[in-house]
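**Q** Here's the letter readout for the chains.
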Amino acid sequence: MVIMPLSDHYTYWITILLMVAGLYVVIARSNLIKKLVGLAIFQTSVYLLYIAPGKLIGGTAPIASAQFSVYSNPLPHVLILTAIVVGIATLALGLALVVRIKESFNSIEEDEVLVAVHGDAMSEDGDA
Amino acid sequence: MMALLVLSVVVQRNLFVVVVLSGIYSFLMATVLVALDAVDVAMTEAAVGAGISTVLLLSAIHLAGAEESRPLRYRLPALLVSVGVAAALVYGSLGLPRFSDPAAPIHTHVVPRYIQDGPRETGVPNMVTFVLASYRGYDTFGETTVVFTAGIGVIALLRGRRKKKQSEANAEIRHDA
Amino acid sequence: MSAEHLPVLLVVVPLLAAPLIVLFRSGRAGWLLAVLASMVSLACAIGLFVQVRGGTVISYAIGNWAPPWGIEYRVDVLNAFVLILVSGVATIVSVYARTSVISEVPSDRHYLFYAMFLLCLSGLLGMTVTDDVFNIFVFLEISSLSGYVLIALGRERRALHAAFQYLILGTIGATFYIIGVGFLYLVTGTLNIVDMAGRIQAVADHRPVLAALAFMTVGLSLKAALFPLHAWLPSAYSTAPGAVAAFMAGTATKVSLYVFIRLLFGVFGARLVLQDLPLLEALSLLSIAAMLVASLVAVMEKDLKRLLAYSSVAQIGYITLGVSLANQDGLTAAVVHLFNHGIAKAALFMLVGGAALRLGGCRLEVLAGMGQRMPLSAFCIVIAGLSLIGVPGTAGFITKWHLVLAAAEAGQWLTIVAIGASSLLAAAYVWRFVEAAYFTAPRHHGVQEVSVGMLAPAVIMTVACVYFGLDTSFTLGAAREAAELLLGAVK
Amino acid sequence: MRDFFVLRVVAKMLIPFMLIFALYVQFHGDFGPGGGFQAGVIVAAAVIFYALIFGLPAARLLVPDALVESMMALGVLIYGGTGIAGMLLGGNFLDYFVLSANPVTGQHVGIFLVEAGVLVTVSGVMLKIFYVFAGRAKLPPG
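Chains as they are written, first to last, in my numbering: chain A, 1 to 128; chain B, 129 to 305; chain C, 306 to 796; chain D, 797 to 938.
Because the hints were derived from the structure by calculation, they are not lab data. Beta carbons: idealized from backbone N, C-alpha and C, even for Gly. Hints are all accurate, no fakes.
In silico contact screen, one side only, chain C against chain D (beta carbon under 10 angstroms); selected entries:
1. 314
2. 368
3. 376
4. 378
5. 420
My request is simple: use the sequences and hints to build the entire structure.
**A** Structure follows, in structure tokens:
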């Protein structure tokens, strides 16, 4: 659906909508796992910003062959492959942290964890 | 359709459903990527987005609980930030080359050499492979290092037994300094 | 292998030492390799600095693919200076880390700690030395991911939350940066900074360039903890293990600032006449706000690590203030403060980390009487604190002096008043430590000075704060040359 | 799960095919989509599949933790070592031209080696992450 150029900048606007929705989830939601899902959607949408403009209508996938002469741009593909890998690495680390947070705080809701963090600081006051 | 999916991720509170939806989202993304000629990226996105991250998210949910206990609230600051970002993006995108414009700078600079000379210089026909592994091989070295970092990071965080209770840990501080 | 490979060895040696440590699985071997690899990096950085003094630029084509097709490493006096800071702090902190890690990290994770430390170091060095905007992103992620883990290894459970918060904000920052890169790539077709600077002048439409500038500024400001995007920094620095706080406070934010300065002048400066943009005014306002607000918060803090963390936010304000003045003296101050503040904060966090281990915390009440119990540590904290205030004879003074000169040149008298006010606030928060350490009865008895392994690196760093306040030929010389280079690129 | 005879037989038959498919993806990367990363994911998936059918302990016996951890490190070392080899042979870091007398062959060798490095690290890391997450007991409620 994205490749139909309804307007010259249609693809960009789809990308923008997806990105911003992901960003909103990250900022607004309190559940830590949901924040990470939002983050993943935010990162995934950036892929389109790179890949969509690399497409040439009438071109083919960038694998050299005697039959074709017009290829879509391979460089964004390379960059985004790297970005995908970075994204999954971040997600794995983030989830590992969530598991540890759950075990230490018994909650994965940001506000509850914050209350507990604050409580730790206060109890240090008491010790002192 | 992808937009609808994302919107349901925003409102859905059951994390299990959210994870499944985001897996479907990745599959749709992969389809779009194939349509955009990015076959390598599509293959990776399907394996990573719909495969690995779904498995990871599900196991995290298993360990950390599946229900989001907070009711849905629409937070004004978050909404404002998002709208601001969207406005900046739209503003910037207005000046970008139009879709599939062969005269756009990304098609006329740097890339022509990859397309014209690359297969001959490296003997590999898949342009993504040789740009990834040779011309920009150093990025891929960095990427491998990122994967390695995440791997040992997860070990460092989750290996072995759970840490002792906070109070016990605090009690130890003064002795082992 | 001859000297021509220095730019890449600098990064690759610590990077490959990390998997070696994981293969050996030994904490002691890990520590030795970490110290050695950091020293090799420092030696490479010094070697590079000597070569680029006087305007030479070293270009290294990785994979022997000429830029812009391949990735280029490019060293000039500006990034050679930053490289010396990063690898120097790493070398000293890695020595210190041995004792800090033994007392703060579970023993089965020691080797992982050193591997992470080296990865973080090579990430930061890679960001500094590369001339490719996408490669910056890759190495930024190496340093960030390892940074999150290093912070999470802190002993308290609060460290986990701090690390998670940093992960979310850091990833948003990196994604913003990559959006900016996307815009620039779409309008120039290249990722190489020098090539981009040349091609950006021909871009007809300024809207994508402005959007790229906005996204990269916000993204890098998040990583650099520029006020008001500093939310992650105080909790991260105050809960991380001592060695991590010292290393990151001395280097991580500085490298993000370096990248910002490089892109602002090296890429955007060529396209947009800086004076026509409200960006510099906005940056100057935010810097002044950081200097005042964060210092004020620091004065109120009861925990010395958090106090120092807020002080970092304020001191980052000095650096960006220098950038926003965009004249010779301002940029000199900004570049020299990257270094001067880096060493002062690394020294302070090493000293406070040691004190926290001995006294069981670093709240000011706990530190009471530290002047008697741990005389050398307390004295060094005061000396490094004087550098934060900017007392003549310390490195901090050099920065302040040039900032005042730059503001006077720009005719911004209110800015000078703000610098004065912020220095007074700094004096107030340093005084709070002095009061606790020297004018309060000690609470702990039988507490001794920390071991030599921790104290010696911290003392060396403190001496450096004084040395670079007296002999400025290295720091100021390099910063002046760097400022000329940056301004030359804009004209 | 261990009692499902059919599953076990099918799994035993399928896993070799998955590994072969991984090798195909690895080596066909020159001509079609694929490469070290994707192949690494498939290799890890094969072992994860084995773990799901025969249980985590059985998988850990087949592919021990120590081996997995070493693989993570080895892959990066293979990649970096290829780069250093380029330097030792008189080129720049990651310079594949000097790896063989014929520059194009050199490129082939270089690309092959670094893709192998990626495969080893990626499969190691993915497997390790699975082991760590799956091996972690759930916290009792409350």
